[in-house]
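Put together the whole structure using the sequences plus the hints.
Numbering-wise (this note's numbering), the sequence shown opens with residue 172 and increments by one.
Source of the hints: derived by calculation from the structure; they are not laboratory data.
Among these hints, one or two may not hold up.
[Claimed, not checked] What follows is a set of in silico ranges between Cβ atoms, one per label pair, in the way DEER data are often shown:
#	residue 1	residue 2	range
1	T210	R345	20 to 28 Å
2	V193	P301	32 to 40 Å
3	A286	S261	33 to 41 Å
Please read all numbers here as calculations on a predicted model, not as lab measurements.
The beta-carbon is built from N, C-alpha and C at its ideal position, and this holds for glycine as well.
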Amino acid sequence: MILKRLFTRSPAPERRCYEAIVAAARHPAFYAQWSVPDTLDGRFDMVALHTFLVLDRLKGAQSGFRQALVDEFFRDMDRSLRELGVGDLSVGKKVRKMAEAFYGRVAAYDAALAAGGAELVDAVARNLFPDDPEAARPAGASRLADYMQQQRRHLAAQEAGAIAGGQVSFEEPRP
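Following this line, the structure appears as structure tokens:
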């Protein structure tokens, strides 16, 4: 046991940060109370949303860490697809589609935050509730937009260097 601790390296900072992102994205309230679909797509969207929040917080600083975090995100997507039994030949294509979806969401959330107001609710509704964004707007999308604003304030209070060192925290969603 002692030897294991001596010779085991701690995870890289981007891995620790990504693990915190995934833990926040898996909070049961999103799926049980806020109507986020508990599907592969719904979980992908929640991880993408939380990753965006960290990237947004570190905008203009820590560019090397931001890229390492995005790389970690896609390594995990690749690993997850392989665990689900997706064949080697199609993993690259699926990860490419996920990358397009991720960067589309990042652009949509970034633009919505810059515009302010209901644009963020609309962006969340389009991305997390694509089958019925109109029905989701009053409940889940509005709650998630408020949650995103709450998390932005929470992340703003954390030092960029600490986040880049793998120490990031998220507030629990308020039911």
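Item to check | Those earlier numbered hints the structure runs against, lowest number first | outcome: 2
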